[in-house]
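Enquirer: The lines below spell out each chain.
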Amino acid sequence: MIDINIIINAILLMGILGAFSAFMISIASKVFHVALNPKVEAINQILPGANCGACGAGGCTDYAEKAAKGLLPINACRPGGAKVASAIAQILGIEEAGFTHKKAVVHCGANETQRIKRAEYAGIPKCREEELAVGGYLECTYGCLGFGDCYLTCPFDAITMIEGLPKINFKKCTGCGKCVSACPRNIISLEKYDEGKPLYAIACSSKDKGSVTRKICPVGCIKCKICEYKKATDQTPWQTCVEKCPTKCIVKL
Amino acid sequence: MAKSFKGGIHPPYHKNLTKDKEIRTASEPKEVVLPLSQHTGTICTPLVVVGDTVKVGQKIGDSDKLISAPIHASISGKVKAIEPRLHPSGSKILSIVIESDGQNTVHESIAPFPPLEKLTREEIRKIVRNAGIVGMGGAAFPTHVKLSPPPEKKISHIIINGSECEPYLTCDHRLMLEEPEKIILGTKAIMKAAGAINGIIAIEDNKPDVIKIMQKLIKGTLNLKVIIVKTKYPQGGEKQLIKAILNKEVPSGGLPMDVGVVVNNVGTAAQIAKTLLTGMPLIDRIVTITGSGVKNPSNLRVKIGTSIDFALQECGGLQGETGKIMFGGPMMGLAQTSVDVPITKYNNGVIVLSRKEVTILRDDPCMRCGKCIEACPIGLMPNFLGDAGQTSNWKRAKELSVKDCIECGCCTYVCGSERLLVHYIKLAKNALQNKLEKRKTK
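Going line by line, the protein sequences match chains H and E.
Start counting the first sequence at 1; every next residue gets the next number (my numbering).
Start counting the second sequence at 254; every next residue gets the next number (my numbering).
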């Protein structure tokens, strides 16, 4: 048979222990109280929580604290965009700072089949490692290596690798710049982007002479300067450039 | 009993290919490409312009920074171009291209220096610097920096490194056999410049012929010694040599100078002697061109700036299906992507492996056997370092003192999972270096 006393004892003991602990915690919460800035809490609530680090802080909570103190600008949150910037301005009660949209743009247009290789690479399949080990297995020393360091680093899943070339989805890209620092050949840059307007870019980073580029890449910039000339004389300069470029390395994104 | 250190490996040495072949001087190249960075440290600025006529031994590139070494024209002729060219490191580096006029006129300033006894320490250092001498064993550290220790650091020992532990290479072996007097003169010069009392010539016990010659030559010289070290890789690493010979450990992040030792390659010593005797700066070097992919493997004396293609033609050209061309030894050497790359001051070998010999490592996950820890001559834990590199955990790599790794490749050699440990370690080192530089610029 169950001894009722054991149950009562247990309930009593646990009850007293619980009550005592609650009492101690209530005292501790008063004694060791940390004054939290309600504004930091509020900013933290509206931040996207991606912890991408584009703002320059360690993460979203860190940014909330720094923004509340005024150490970082209120429009520094790239994924949040204009919405978050104005919300932070409201919370802090200061003037809105405005927000320019930026998108990552890849300055190389040669895909897997167009690249000319001068050696086989069998090491770690990472761009940075490849660049470090042999300085590039491609003839072009400026172009995309195609192992997708940018694809792996993107926190917003905005990059897809198509035929060994990163394609950036502007709907998902927030302009955090993680891919920019991930690329060992520095071929990704952040460009100003206005909603609805097309973005033009030069899909080549080569600094080689035109004659060299022509030999090693079918879509590389050959420095013919036709774009410079057309741009000066035309009404819709970029569109004309896209049409006139002989190697089609100026593209509309 | 030959002296040694803890760890290390015994790879197949393949030295028989070129061991008994005398050093042969290669014919004159028609064109040389001289990269302005052939040393550790600051890149030189060119002192000539396109169209200039240069003579053998003329200084064509220099820098005013301490850690740097000037570049000299290795042939006489006309400066054809100054443009970025492919460098053994894989990137494009500003280089001076000289087209030969076939005359090989020597520059007026080249004249023998007075004998060693009449030179002061400062003068020797200046001669070494002006001759553009760098560590010729592969690290390319400017020698004059090694010879000028800060006054608070007293140098007690000079170690001349003739161990040549890398498989395939025999250029130091042949040099010690054919020009031992030069090495001894160079050693004396180094000892005088660094202010050291003891000179040690370290030779691995697989070169008994050299040991005999050296011991005979230094008989009667009290402050010179030949020490026999065990044949083991990486016995030629400076930290390993110091540990084996003097039982001293170089502190983490420190230099051999910190324990009062300067280590120089035999090639460097011979070059210093050559400069003192003839006044000629560093314009040529001995390169072992070997491997199963070369028709006639040999030890060649080539002008610096000669392309590998030219050097290979001198050795009868390639044979069979070429798998890999490497600069330096097979353990630490750099794979090349083109045969147009010039031979620089620190390239001690060109190894051509056939397709069959090139193994592609599987890079499987670590199975925790601990073989790499046993093999590591520094006493690091390559298994954890590899994991840290693979997962981009740079903080962990730093905690495991990744910076002390000498990248000898023992861990990758013994790894049962065929992990690319050295690659991961290099990646971690590079990432930490980049971070440091970023912080500095901020």
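For the record, the hints were derived by calculation from the structure and aren't laboratory data.
Just so you know, these numbers come straight off a predicted model, no measurement behind them.
There could be a bad hint or two in this list.
[Unchecked claim] Derived lysine-lysine pairs resembling DSSO-like cross-links, with alpha carbons at most 27 Å apart:
(1) Lys209(H) with Lys693(E)
(2) Lys333(E) with Lys283(E)
(3) Lys178(H) with Lys283(E)
(4) Lys215(H) with Lys651(E)
(5) Lys209(H) with Lys691(E)
(6) Lys345(E) with Lys215(H)
(7) Lys691(E) with Lys117(H)
(8) Lys345(E) with Lys225(H)
(9) Lys693(E) with Lys69(H)
(10) Lys691(E) with Lys192(H)
(11) Lys171(H) with Lys192(H)
[What the hints assert, rightly or not] Sample of chain E residues at the chain H side, in silico, Cβ under 10 Å:
(12) Thr306
(13) Lys345
(14) Ser353
(15) Ala588
Virtual Cβ for every residue (Gly too), placed ideally from N, Cα, C.
Enquirer: It remains to establish, for every hint, whether it holds in the given structure.
Expert: Consistency of the hints with the structure:
{"no.": "1", "hint": "Lys209(H) with Lys693(E)", "verdict": "34 Å, violated"}
{"no.": "2", "hint": "Lys333(E) with Lys283(E)", "verdict": "12 Å, holds"}
{"no.": "3", "hint": "Lys178(H) with Lys283(E)", "verdict": "48 Å, violated"}
{"no.": "4", "hint": "Lys215(H) with Lys651(E)", "verdict": "43 Å, violated"}
{"no.": "5", "hint": "Lys209(H) with Lys691(E)", "verdict": "31 Å, violated"}
{"no.": "6", "hint": "Lys345(E) with Lys215(H)", "verdict": "17 Å, holds"}
{"no.": "7", "hint": "Lys691(E) with Lys117(H)", "verdict": "32 Å, violated"}
{"no.": "8", "hint": "Lys345(E) with Lys225(H)", "verdict": "25 Å, holds"}
{"no.": "9", "hint": "Lys693(E) with Lys69(H)", "verdict": "25 Å, holds"}
{"no.": "10", "hint": "Lys691(E) with Lys192(H)", "verdict": "25 Å, holds"}
{"no.": "11", "hint": "Lys171(H) with Lys192(H)", "verdict": "14 Å, holds"}
{"no.": "12", "hint": "Thr306", "verdict": "26 Å, violated"}
{"no.": "13", "hint": "Lys345", "verdict": "6 Å, holds"}
{"no.": "14", "hint": "Ser353", "verdict": "24 Å, violated"}
{"no.": "15", "hint": "Ala588", "verdict": "6 Å, holds"}
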